[in-house]
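Undergrad: When you get a sec, could you build the whole thing from the sequences and use the hints?
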Amino acid sequence: MTVESFEGNNFYEDDRMKEIYTNEKFKVLDECIEKNKLKPGPLMPTLQDAQRIFGCVSEEIQEYISKALNESYSKISGVVSFYTMFSTKPRGKHIVGVCTGTACYVKGSQKLVDKVCEILKTPYGQTTKDGLFTIAPTRCLGDCGKAPVVMIDEDQYGHVTVDQIEKILKKYK
Amino acid sequence: MSNKVKILINNMSVEIDNDLTILEAARLLNIDIPTFCHDDRLNPTGSCRMCVVEVEGARNLMTACSTKVRDGMVVRTNTKNVVETRKGILELMWANHPNECLVCEKSGECKLQDYSYQYNVNPDSIFKPLNSRDFIDNSNEFYTFDSRKCILCGKCVQICSELQMTSAIGFDERGIDTHIKIKQHDDSIDGVIDLYKCVSCGNCVNNCPVGALMPKTKDKYRNWEVDKIKTTCPYCGVGCQFNLVVKDNKVVRVEPVKGGTNDGLLCVKGSFGYKFINHPDRLKQPLIKKDGVFVESTWEEAMDLIVKKINETKAKHGPNAFSGLSSAKCTNEENYLMQKLVRAGFGTNNVDHCARLCHASTVAGLATTLGSGAMTNSISEIGGTDTFLVIGSNTTETHPVIGVMIKQRVKKGAKLIVADPRKIELANMANVHLQIKPGTNVALANGLMNVIYNEGLYDKEFINKNTNNLEDLLEVIKEYTPEKAAEICGVSKEDIVKAARLYASADRAAIYYAMGITQHSSGTNHVKSMANLALMTGNVGKESTGINPLRGQNNVQGACDMGALPDVLPGYQKVFDDAVAKKYEKAWGVSLSREVGHTLPIMMNEASSQDIKFMYIMGENPVVSDPDTNHIKKALTNLDFLVVQDIFLTQTAEFADVVLPAASYAEKDGTFTNTERRVQRIRKAVTIKGNARSDWEILSELLTRLGLEANYNNAEDIFKEMASLTPIYAGLDYDRIDDNGMQWPCPTSNHPGTKYLYKDGFTKLGKAIFTPIEHLGPQELPDSEYPLILTTGRTLYHFHTKTMTDRVEGLKATVPDNFIQVSPDTAKQYQLKHNEFITVSSRRGSSVAKVQITDTIDDGVVFMPFHFADGANMLTNPALDDICNIPEFKVCAVKVNKC
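Chains A and B supply the protein sequences, listed in that same order.
In terms of my numbering, the numbers along the first sequence are unbroken and rise by one, the last being 173.
In terms of my numbering, the numbers along the second sequence are unbroken and rise by one, the last being 1072.
Do not take every clue at face value.
[Stated by the list, open to error] A short, non-exhaustive set of chain B residues, derived as facing chain A with CB atoms under 10 Å:
no.: 1; residue: C333
no.: 2; residue: T339
no.: 3; residue: T351
no.: 4; residue: I355
no.: 5; residue: Y369
no.: 6; residue: N601
If you're looking for bench data, these hints aren't it; they were derived computationally from the structure.
Heads up, the beta-carbon is just placed ideally off N, CA and C, and yes, glycines get one too.
TA: Here is the structure:
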């Protein structure tokens, strides 16, 4: 399975956008912004709040934050695209991160990545059709002693083998 | 404090200030160090690494651009290590760069190409990785961004955020995926200017070291085939200096000049607005109207006809049946000749130009209170101002480079007060934004002065020494408590108090204003109010303070200086001053009228009533620029004979009997005087199209045919004659102004010019004068039939009546239609949708405009740009200021209807 075969597969984005931009959510974001404005460097916490509230920091949400914080859009976009914890598209309920840092890579994490994509029938970096999982590109998680490492949401799994993956994923279905 | 230190570079010793960098030290020694991201105007980042040098004792190579010198430092710029490192850097850049020099427009001026050659980079030896940056952003009207050619030096990011202060460019992603992302302008959501979105100034394009950011052009040229001619921008009054880049007698690009007024910065019109020069609509042959249709004629025939009509009219109706409109877009030399033609040739003082419509109230208001009707300070002094009061000026759109400089200064800590009915771009970074109702400037100024006086923040010493009439002013302003002023202006009392304290407590506070102050039926009084405010706080006659009217057009200051006004000869010398008149009579060999002529609006009234029979219009377009278009059209129709001299067949030219084709700024020599009184050269870069002629050549011939002496070989001859008769220009000549221009007054040939006015007090008047002024308000206010207040103004992408900007593809495409800005609540009230066309009507006419819903404007107020034909001026009120006859463009009552 190659990434190319999934190109242009935005099937699920449009439907969910309507659910994402609700007035209630923007109200919650406004409250967060008011609080964050009092801190030095309000951008990072606001983006984290937005990611939590909306499940993504889309271009529209970035513009909204740009106006609210009077911060340039280009800077916000730079921060959002720099950190993998932010995504511009809505992400799944669970975030699957197979570490591709140097140690994990040497220990064969690419095979784990391929296996995850195969099981979830979803290309690397994208979200499953049912909205349950996002396969997030993940760099070093700082636990190289247990390489290769897989992280699902807040849970971490060390010394993972290809055979174990399916079982681990099942826990979250 | 900087100390001197001694350092050694390549065994050469130099003693320099310790706040300099190694790069600056090396340049003093003429040692070349290669750079990509460096620019003198930016904070050095060392991001491109190309400038690495060896510093004795340092562990690694150091970046010369960001390393400060230390005493005893030993630097080597050409060791094997340095050279190989630089070569390595170039190879890494080349690895991600397409091998397209063969067809790249940057070739010849590309730093990557030049350095690769210099450092022997082998183009084939490098592994080309799969480039992840492979997009081309074509969405901007004026330039393209090719990410494949980008070397990620970050210069454009820095220029956009540190110099242009727009911050539309940033780095996206990270690692190998890092790329430049530009947030483009889009008008789908709100106002014309969106914060932090590209304003297409082109400053990044003009400074990209490689071919990543390139202007869009259809012209094919190589950088070694072109000539560069330095000249002055023909758009706004900032007077930016740039080079016209010419190939085969055609302007193919504009390139800013560092140093000077604009220090290498330009706006979208300066960078990309040159394409009208070669537009096919340019007039190339004189036209004579025969049976209602224009027919091409020879110069001989056209001139014969004009002279015949002049003589007939003079014989039949006398000199007062003539009038002439000069042009704020033409050179000083041409304005001088135009007023000479009207005064000496026609025998009347009926000469005026469109300064009447923008800053007549400034000329009248400041001359009577301070002594001179011009900007007191220089543009460069913005860098020393502590507090700005920007009132009635949307500076970032109307004078973009001055706007940028104010933003830079505010970012560095200066305070900013903005008073404007719209939340303009500057308001976004203001300490106080007073969103006043249109036409309430006087109440605001009186309210500010009330606070300043009552809190003892006025400058007692300055007032005693330099001013008269304070008591009368106090009598009036005591009524304008902050509460009362706040109520009239529709702002909060606290903001007025805050603004007053900010302005009055600053060491150097400067007022910047434009047509929000001047274009009212009590415009002269609005200007005098500004003078009161500055005088009360002693903010005149010092560097970086002052009262600064921003003049709108490239040479509107010069056209006024040249006496293209009905009451003054060149240099503001009164026509009724016998000694002055005699001086000119002697020079020109004719007798001159001592009677003050008609102002532009009165000329139009007189034309309408057929008292004026003959009108000569040079480079103006009153059908679009003047209030109440229908009235103007009637006036022009009623004339016996109308001559229009222009570069395009304007809406006004349609009414002419003879149209004469003129030269554009790129096709002639001369001088423009910018808003800071700086007289700067324009230079001929290309030859004139077809049979068109320079305005000065046309006027010279006409003068000669009317029997006056006008043997001018070139523009310089005219300048010499003018300077010899005009005291404020007397010390200027083409040699002295050649490099960087000079600021008047400059009375003698060894006078250095005047950076700021009133340094030695108000010598012209003895003392400056406080004028007590009551708030009057506009003459037409909303009522049940016309419930909305219309205010007018400019947009960044157009200039004046669009004669030029409409012929520049990108500008036209960016703002193609007349628009009307309304607040979200007003839109709801009248059920208006974003981007739909509606009819806007006033008591005088109606116009169609596209709705733009924006939260930058108050409820009940609407805004329209004045550039469009059959646009805002179909609606505006021709009510005039009694003193200077400026019309009330800024306020009238309108209603809106669905189309």
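Undergrad: For every hint, state whether the structure bears it out.
TA: Cross-check of the supplied hints:
For C333 of chain B, the suggested interface contact is upheld, since its CB lies about 8 Å from the closest CB of chain A, less than 10 Å. For T339 of chain B, the suggested interface contact is upheld, since its CB lies about 8 Å from the closest CB of chain A, less than 10 Å. This hint holds: T351 of chain B has a C-beta 9 Å from the nearest C-beta of chain A, less than the 10 Å allowed. For I355 of chain B, the shortest C-beta to C-beta distance to chain A is roughly 8 Å, which falls under 10 Å, so the interface hint holds.
Satisfaction of the interface hint for Y369 of chain B is found here, the shortest Cβ-Cβ separation to chain A being roughly 4 Å, below the 10 Å cut-off. Taken as an interface hint, N601 of chain B checks out: its beta carbon lies about 7 Å from the nearest beta carbon of chain A, inside 10 Å.
Going through the hint list in order, the structure satisfies each hint without exception.
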